Amino acid sequence: MEFDLQMVLVILASAVATYATRIGGYVLITTMKRIPPRMEAALNAVPAAVLTTIVAPAFFDGGWDSKLSLVVALIVGLKVSHTWMLVAAWLVVMGWRRTVGF
Amino acid sequence: MSRADFVEGLRGGFTVAVASAPFAALFGALAVDNGMSLSELMLMSATVYAGASQMVGIELFGNNVQAWLIVASILAVNFRHVLYSAAIARYVRHFTPLQKFFTFFLLVDPQFAEMVKRGEEGKPVTFIWYFGFGIIIYVPWVLVSLLGGLLGGFIGDPKALGLDILLPAYFLGIVLGFRNRSNFLPVALVSAVASAIAYHYVGSPWHVSLGAAAGITLAALLPLPGALKPEPENEPHEV
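Chains as they are written, first to last, in full-length UniProt numbering: chain A, 1 to 102; chain B, 1 to 239.
Just so you know, these hints were derived from the structure itself, not from any lab. Since the model is a prediction, treat every value here as computed from it, not as a measurement. There may be inaccurate statements among the hints.
[Stated by the list, open to error] So, partial list: chain B residues that the calculated Cβ filter (under 10 Å) puts toward chain A:
#, residue
1, Leu106
2, Ile165
3, Val193
4, Ala220
[Claimed, not checked] Over the 10 Å line for every Cβ pair with chain B, so calculated as not near, a few chain A residues:
#, residue
5, Thr21
6, Trp90
7, Val100
Just so you know, even glycine gets a beta-carbon here, dropped at the ideal spot from N, CA and C.
Working from the sequences, and respecting the hints, build out all of it.
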């Protein structure tokens, strides 16, 4: 067992910070009696808004291999399942890198 | 009944466990590459348990960034979880305090997405279902990250194996799962553009919070779905 004290402290602080975000919204919302409709509309937009921000840089800042791969994954995802999106994305990226290069 | 719920949870979570295994392995390999020991990377997977922010964390560890900045960055990447826990509040009110503790501890992206989907389909969101779904992702996540750390030396360049595309493609799949919601397209487009701009001018990980804020603000400002086809009983609620 190899532990560096400073790294362990940073990891545990990160864990506490993460847990705080995971319970924070619940604590905030239970202090309110009724959710206003606009806030509900905002909450309903959370998944699409947040998860998109994780994908966007890979598309905009990635090379043509990543861009093409994500477009193909998007088309596949509209037709079939998520697992096939991963397969399609991987095949396109590997195909591009083996033929065109990095 | 509860046993059937548990098994259903295990089944649903299993797909996620398989899909996230490459990322757990990749995290382990990159963690070792950035100077973490095997016990430290396992501690991180077991206590932080958040893929994207673990990746951000080790990247900063490797670059000797100050401790407070690492924690702040992890907080920024995970800030979306505040919104998740607010959004699932309606489903967990009947859980006991201990059940709530585990519910929020296990609240990762796919877990959140699946819980909302299940709730909206009108199926019962029981703790035992949630726990089954979560534990089948959590245990492999910790173990496979250790495996990745052990094999780290053999993985080499993640790009040569095409691993780097799997994370965005995976998140893209989750996003598509929400495409039938009202305002999905404008929200997703605005978040995408805003986060790309923030990524360029402010930098990672702030693009997550800033991009999401843009999309959520837009959703709050757009005409409400109820306002488009007004029903008499809705009118008293309008402010």
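Hint check:
1. Leu106: 9 Å, holds
2. Ile165: Hint on Ile165(B): holds, closest Cβ of chain A at ~4 Å, below 10 Å.
3. Val193: The hint holds - Val193(B) has a Cβ within 10 Å of chain A, the shortest such distance being about 8 Å.
4. Ala220: 4 Å, holds
5. Thr21: Non-interface label on Thr21(A) violated, nearest chain B Cβ at 4 Å vs cutoff 10 Å.
6. Trp90: With a cut-off of 10 Å, Trp90(A) comes too close to chain B, as the shortest Cβ separation is near 5 Å.
7. Val100: About 13 Å separates Val100(A) from the closest Cβ of chain B, which puts it past 10 Å; holds.
Hints 5 and 6 from the list above are not met by this structure, while the remaining hints are.
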